[in-house]
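A.B. asks: So you can see what is in the structure, the chains are spelled out below.
Protein chains: 2
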Amino acid sequence: MDQVEIFKALSNKKRLEILAWLKEPEKHFPKQECGEFSKTGVCVGHIQQKSGLTQSTVSEYLSMLQRADLLIATRLGQWTHYKRNEEAIKKLGLHIQDEL
Amino acid sequence: MDQVEIFKALSNKKRLEILAWLKEPEKHFPKQECGEFSKTGVCVGHIQQKSGLTQSTVSEYLSMLQRADLLIATRLGQWTHYKRNEEAIKKLGLHIQDEL
DNA sequence: CATTAAAATCGGTAAATTCCGATACCTTTG
DNA sequence: CAAAGGTATCGGAATTTACCGATTTTAATG
Chain A
9 MDQVEIFKAL SNKKRLEILA WLKEPEKHFP KQECGEFSKT GVCVGHIQQK SGLTQSTVSE
69 YLSMLQRADL LIATRLGQWT HYKRNEEAIK KLGLHIQDEL
Chain B
9 MDQVEIFKAL SNKKRLEILA WLKEPEKHFP KQECGEFSKT GVCVGHIQQK SGLTQSTVSE
69 YLSMLQRADL LIATRLGQWT HYKRNEEAIK KLGLHIQDEL
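Protein sequences, first through last, are from chains A and B.
Sequential numbering of the first sequence, starting at 9, is according to our numbering.
Sequential numbering of the second sequence, starting at 9, is according to our numbering.
Since the hints were made in silico from the structure, they are not lab data.
Ideal Cβ placement from N, Cα and C applies to all residues, glycine included.
Each hint should be verified, as a subset may be incorrect.
[To be verified] Chain A stretches covered by chain B per the calculated footprint, using a threshold of three residues with CB under 8 Å from any CB of chain B:
hint : segment
1    : 11-21
2    : 92-104
[Claimed, not checked] With a straight-line cut-off of 25 Å between C-alpha atoms, the simulated DMTMM-like cross-links for lysine to aspartate or glutamate are:
hint : chain 1 : residue 1 : chain 2 : residue 2
3    : A       : 99        : B       : 77
4    : A       : 21        : B       : 68
5    : B       : 21        : A       : 34
6    : A       : 22        : B       : 107
7    : B       : 16        : A       : 44
8    : B       : 31        : A       : 44
9    : A       : 16        : B       : 77
10   : B       : 16        : A       : 94
11   : A       : 58        : B       : 13
12   : A       : 98        : B       : 107
13   : A       : 58        : B       : 77
14   : B       : 35        : A       : 107
15   : A       : 21        : B       : 44
16   : A       : 39        : A       : 106
[Stated by the list, open to error] Under 10 Å between C-beta atoms, here's a sample of chain B residues computed to sit facing chain A:
hint : residue
17   : 12
18   : 15
19   : 19
20   : 28
Put together the whole structure using the sequences plus the hints.
C.D. replies: This is the structure:
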């Protein structure tokens, strides 16, 4: 758990937005053909469309958040779904409160 | 409270170290002539010496942490003391846990 | 008021980050 | 196996960050 990498991943408005959208996928994204929001999250394409960034940028941002352990990626056929790693996020909050 | 600015301020190893040192000043810094650790914190010079960085860099880092509301600065004569803003840090932890 | 000490600000170079378009890599499907 | 859709990776231009040394500001003191 590299603290600096986590904070770097969070040091960007769009990446924070993405994290926020993924908190309530059904509220921010259209229904998907494959996979459930609650189980595996949202596919890259939907996140890309909503973000207004290019596909490559979104892909990089998502894998950056994943490397920081803030997101979990699941490959479903040709799609990759991303969802929040709620446990890691909670742990980060606790860590800041009593160890930062 | 600009989230991104806070996370940027935390995205650097030395700045995280400084925050950690300021958690227990008496453990990490020599006694000071003026001002008490618990009241106003530690003067820039002591932080600079311990950090190994130049004076200008440390001064910038400290004011960056202050702009993010993570530190509180107090001018005492020719010295500026910095201490942690424990309330803001706790608030940040809570925020991450249930709003990030 | 001149000197000195502490801290802040300025100006700059090297490194990292932001974001893009192009390309390569996987899957599914005909 | 060829084509197509979804995603990842590569290469690069523009911006930002990491530090530094030099200079300026602020405050104390002779």
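A.B. asks: State for each hint whether it applies.
C.D. replies: To see whether the hints hold, each was checked on the structure:
no.: 1; hint: 11-21; verdict: holds (count 8)
no.: 2; hint: 92-104; verdict: holds (count 7)
no.: 3; hint: 99(A) to 77(B); verdict: holds, 22 Å
no.: 4; hint: 21(A) to 68(B); verdict: holds, 23 Å
no.: 5; hint: 21(B) to 34(A); verdict: violated, 37 Å
no.: 6; hint: 22(A) to 107(B); verdict: holds, 16 Å
no.: 7; hint: 16(B) to 44(A); verdict: violated, 34 Å
no.: 8; hint: 31(B) to 44(A); verdict: violated, 44 Å
no.: 9; hint: 16(A) to 77(B); verdict: holds, 18 Å
no.: 10; hint: 16(B) to 94(A); verdict: holds, 22 Å
no.: 11; hint: 58(A) to 13(B); verdict: holds, 24 Å
no.: 12; hint: 98(A) to 107(B); verdict: holds, 10 Å
no.: 13; hint: 58(A) to 77(B); verdict: violated, 32 Å
no.: 14; hint: 35(B) to 107(A); verdict: holds, 16 Å
no.: 15; hint: 21(A) to 44(B); verdict: violated, 38 Å
no.: 16; hint: 39(A) to 106(A); verdict: violated, 40 Å
no.: 17; hint: 12; verdict: holds, 6 Å
no.: 18; hint: 15; verdict: holds, 4 Å
no.: 19; hint: 19; verdict: holds, 4 Å
no.: 20; hint: 28; verdict: holds, 8 Å
Hint compliance for this structure: hints 5, 7, 8, 13, 15, 16 are broken, all remaining hints hold.
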